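*Asks:* If you're matching them up, the sequences are chains A and B in order. Counting in our numbering, the first sequence tops out at residue 267, every number present. Counting in our numbering, the second sequence tops out at residue 267, every number present.
You may find that some hints are simply not true.
Just so you know, same-sequence chains aren't split out, so a pair can sit in one copy or run between any two.
As the list claims (entries may be wrong) - No farther apart than 27 Å at their CA atoms in a straight line, the calculated lysine-lysine pairs in the DSSO-like style are these:
#, residue 1, residue 2
1, K89, K254
2, K176, K104
3, K176, K254
4, K88, K254
5, K104, K88
6, K245, K104
7, K139, K88
8, K104, K265
9, K265, K88
10, K137, K104
11, K90, K104
12, K254, K134
13, K89, K245
14, K176, K137
15, K89, K265
16, K139, K90
17, K265, K254
18, K176, K245
Rather than coming from a laboratory, the hints here were simulated on the basis of the structure. No experiment lies behind these values; they were computed from the predicted model shown.
There are 2 protein chains.
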Amino acid sequence: MASGVSIFDQEQKYNYTEPAILCDPAAFAQVVESRRSVRVYNGDPIPEEVVRECLRLALLAPNSSNLQTWEFYWVRDPKKKAALVEACLNQPAAKTAAELLVAVSRHDLWRQRNNQMLGLFSPEKIAKRKSAYQYHNVVIPMAYEQGILEWRGWIKRLAMWARGLSKPTPRSPKSNSDMRVIGHKSVALACENLMLAFRANGYDTCPMEGFDGVRVRRILNLPSSAEITMVVSAGKRAENGVYGKRLRFDSAQFIKEV
Amino acid sequence: MASGVSIFDQEQKYNYTEPAILCDPAAFAQVVESRRSVRVYNGDPIPEEVVRECLRLALLAPNSSNLQTWEFYWVRDPKKKAALVEACLNQPAAKTAAELLVAVSRHDLWRQRNNQMLGLFSPEKIAKRKSAYQYHNVVIPMAYEQGILEWRGWIKRLAMWARGLSKPTPRSPKSNSDMRVIGHKSVALACENLMLAFRANGYDTCPMEGFDGVRVRRILNLPSSAEITMVVSAGKRAENGVYGKRLRFDSAQFIKEV
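Taking the hints into account, I'd like the entire structure generated from these sequences.
*Replies:* As structure tokens, then:
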């Protein structure tokens with residue numbers, strides 16, 4: 010996602026053009042409308058190439074500063090899968106699923122990914138795209154590093170508050186909690202792509218937050234700094250696999266025109 | 010999203026059926042592939058009904074326990090819009106946008122929304138869907154309430170740790186930070202729907218995290234407990250509105266088959 014200060018220079022001058030292609034809005038609406046959280050699957054397998062295609066589309070989601078601090082674990086080993094089902098509290102949406110995918114936020118790896126991005130800048134590219142380089146080289150480390158006991162965050166709060174008195178000033182991330190939010194947010198954007206992609210390809214999904222995070226982490230051999238955003242199960246819905254009509258409160262409660 | 014303990018009973022017996030309709034995977038992939046973060050728009054307006062349709066599709070995203078703790082502010086008032094552009098640090102993606110939408114997490118309203126949900130249960134429905142009622146009546150308040158200084162969260166940590174020694178146990182949310190993550194995660198799922206919907210309808214978007222949260226909150230008259238997930242700008246891309254080819258690291262870095 011776009012963020013930062015004074016990095017909005019004339020990137021336009023690079024004359025890259027990517028025309029807006031025409032899409033089919035009705036076909037898209039159909040995907041979104043027919044996606045339901047499926048609680049019971051019918052046992053049909055999902056072809057490997059469909060899972061791969063859905064994961065490919067997941068990774069095309071926008072994400073914070075394009076640092077791609079996400080990971081998707083496709084749990085295929087039968088033993089690990091059985092353990093994961095148990096860690097998902099044995100709920101039918103996990104137990105009956107053809108595939109289980111674990112979406113993980115790796116905001117703990119922001120520095121590594123940012124360095125990886127910086128590594129793509131040749132001296133030539135640095136000269137040509139100064140502001141993008143500056144953004145990754147200076148702005149991101151300044152913004153993302155919170156320091157031990159968040160000491161940098163506290164100084165940032167104070168400095169941004171003072172600066173904010175006179176002019177618009179970005180204030181986040183200013184805590185480890187903010188860093189978590191940024192990480193999970195990006196993973197969630199990708200998860201929505203993933204779930205819609207399964208639906209578009211004739212399959213269904215259920216996003217699960219009800220799981221034993223300690224056990225899931227152990228199954229995947231994840232460090233404690235990695236955080237599980239959600240477990241997504243996938244398969245073909247059983248006949249009564251959707252438990253009821255979609256329930257949404259009146260949209261006037263949520264959409265405010267101001 | 011599905012979550013919780015012992016609430017996975019035989020909801021299937023209600024015999025609701027919603028068949029999986031056939032979708033067009035190529036049409037869907039086209040939407041995802043052609044969505045780029047657009048930094049400069051060409052000034053064309055977006056028909057009102059397109060914005061409404063995209064917002065409608067946004068609200069069909071899955072979300073935590075279906076509490077729908079989200080709000081979307083469509084900023085139309087010229088004065089407010091100008092102030093919002095400034096709060097977005099005057100970046101071209103905001104300045105040149107036809108429309109600006111602010112996605113807000115209202116995880117602070119979880120209790121109110123949960124009560125609203127409980128209000129939909131007639132005595133008859135309670136008898137018929139005991140576990141769903143139980144989930145909203147008992148499980149959610151127990152899980153979501155953190156208490157002053159998170160005292161309940163700390164007790165929960167201890168209790169869940171002890172329980173987790175012998176059986177799979179959900180451990181989150183156990184802090185205000187976890188509540189924030191849950192809230193923003195759901196809003197992000199909706200934001201991805203929103204952005205893809207604009208693309209499907211021939212328009213483009215840019216998700217922005219670089220803004221002055223204090224000023225945006227003031228413009229929208231939001232309480233400090235409401236948190237801005239992102240500002241989404243929309244419009245038709247200018248010829249050089251996309252700054253470069255999509256950049257993604259090798260997917261083998263992110264997709265792990267285990």
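*Asks:* Give a verdict on every hint.
*Replies:* Here's how the hints hold up against the structure:
1. K89 / K254: neither (34 Å within a copy, 38 Å between copies)
2. K176 / K104: between (54 Å within a copy, 17 Å between copies)
3. K176 / K254: neither (48 Å within a copy, 33 Å between copies)
4. K88 / K254: neither (35 Å within a copy, 41 Å between copies)
5. K104 / K88: within (13 Å within a copy, 53 Å between copies)
6. K245 / K104: For K245 and K104, the Cα distance is within 27 Å only inside one copy (13 Å; across copies 45 Å).
7. K139 / K88: So K139 and K88 fail the 27 Å test inside a copy (50 Å) and across (34 Å) alike.
8. K104 / K265: The answer is between: 21 Å across copies meets 27 Å, while 40 Å in one copy does not.
9. K265 / K88: Classified as between; 16 Å across copies, 49 Å inside a copy.
10. K137 / K104: The answer is between: 24 Å across copies meets 27 Å, while 53 Å in one copy does not.
11. K90 / K104: Intra 9 Å, inter 49 Å, cutoff 27 Å: intra-copy only.
12. K254 / K134: between (53 Å within a copy, 14 Å between copies)
13. K89 / K245: For K89 and K245, only the intra-copy Cα distance (21 Å) is at most 27 Å; the inter-copy one is 46 Å.
14. K176 / K137: neither (29 Å within a copy, 57 Å between copies)
15. K89 / K265: between (45 Å within a copy, 13 Å between copies)
16. K139 / K90: Answer is neither; intra-copy 47 Å and inter-copy 30 Å both fail.
17. K265 / K254: Within one copy only: 25 Å inside a chain, 35 Å across chains, cut-off 27 Å.
18. K176 / K245: Cα proximity of K176 and K245: none, with 53 Å in one copy and 29 Å across.
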